[in-house]
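Taking this note's numbering, I'd label the letters of the sequence shown as residues 3 to 176.
No wet-lab data here; the hints were simulated from the structure. It is possible that part of the hints are untrue.
To be verified - Using C-beta positions, here's what the derived DEER-type ranges look like:
#1 124 to 15: 30 to 38 Å
#2 119 to 22: 31 to 39 Å
#3 70 to 50: 44 to 52 Å
#4 17 to 106: 20 to 28 Å
#5 25 to 127: 37 to 45 Å
#6 19 to 106: 16 to 24 Å
#7 114 to 22: 36 to 44 Å
Glycine included, C-beta positions come from ideal geometry on N, C-alpha and C.
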Amino acid sequence: MLLLLLLLLLLLLLLLLLLLLLLLLLLLLLLLLLLLLLPLLLLLLLLLLLLLLLLLLLLLLLLLLLLVLLLPPPPPPPRLLLLLLLLLPLLLLLLPLLLLLLLLLPPLLLLLLLLLLLLLLLPLLLLLLLLLLLLLLLLLLLLLLLLLLLLLPLLLLLLLLLLLHHHHHHHHSQ
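Working from the sequences, and respecting the hints, build out all of it.
In structure tokens:
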């Protein structure tokens, strides 16, 4: 029985360590996310880590309950005290986690919104590009027309000159 209790306590300690490590990782990832702003993979990783964290917390709670249940039944107050003592670090751990979650929510939502916006804007952007191309085409056509209009009188003049010249020639030979 004592061995079991010791093992459980050891497991508890390990879990707490793991939890702390995960928290550190989470913070690092948060920093990375803030630095890079918008990589989806990091976002997914972050979500996975959060899930893992929640699972670990659940496991921790279960372990605590197990511990409390396995404790030899002395007079009731000590057991309650022990439960409180055990729950205290967990609560202390949970508080920053909750804060972190609350902090995480707005940026995550913002990122999701940004992504949605990008996806929604994509056809719009394509449409704009198309319109720009069409405008360019129209401009080119207008330029072409202008050139033609400018060249046309010149061409007509040339033609006229040629005709006159020819006509003149013709007259002479008669």
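Range first: 31 to 39 Å. Now tell me if the beta carbons of residue 119 and residue 22 are that far apart. holds, 37 Å
Assuming the hint says 30 to 38 Å, is it satisfied by the Cβ distance from residue 124 to residue 15 or not? violated, 51 Å
Between residue 25 and residue 127, does the beta-carbon spacing fit 37 to 45 Å? holds, 40 Å
Given a hinted range of 16 to 24 Å, is it respected by the beta-carbon distance of residue 19 and residue 106? Since the Cβ atoms of residue 19 and residue 106 sit about 22 Å apart, the hinted range of 16 to 24 Å holds.
Assuming the hint says 36 to 44 Å, is it satisfied by the Cβ distance from residue 114 to residue 22 or not? violated, 29 Å
Assuming the hint says 20 to 28 Å, is it satisfied by the Cβ distance from residue 17 to residue 106 or not? Given about 22 Å between the Cβ atoms, the range holds.
Look at the Cβ atoms of residue 70 and residue 50 and judge whether their distance stays inside 44 to 52 Å. violated, 31 Å
Of the numbered hints stated above, those contradicted by the structure are hints 1, 3, 7, listed in ascending order.
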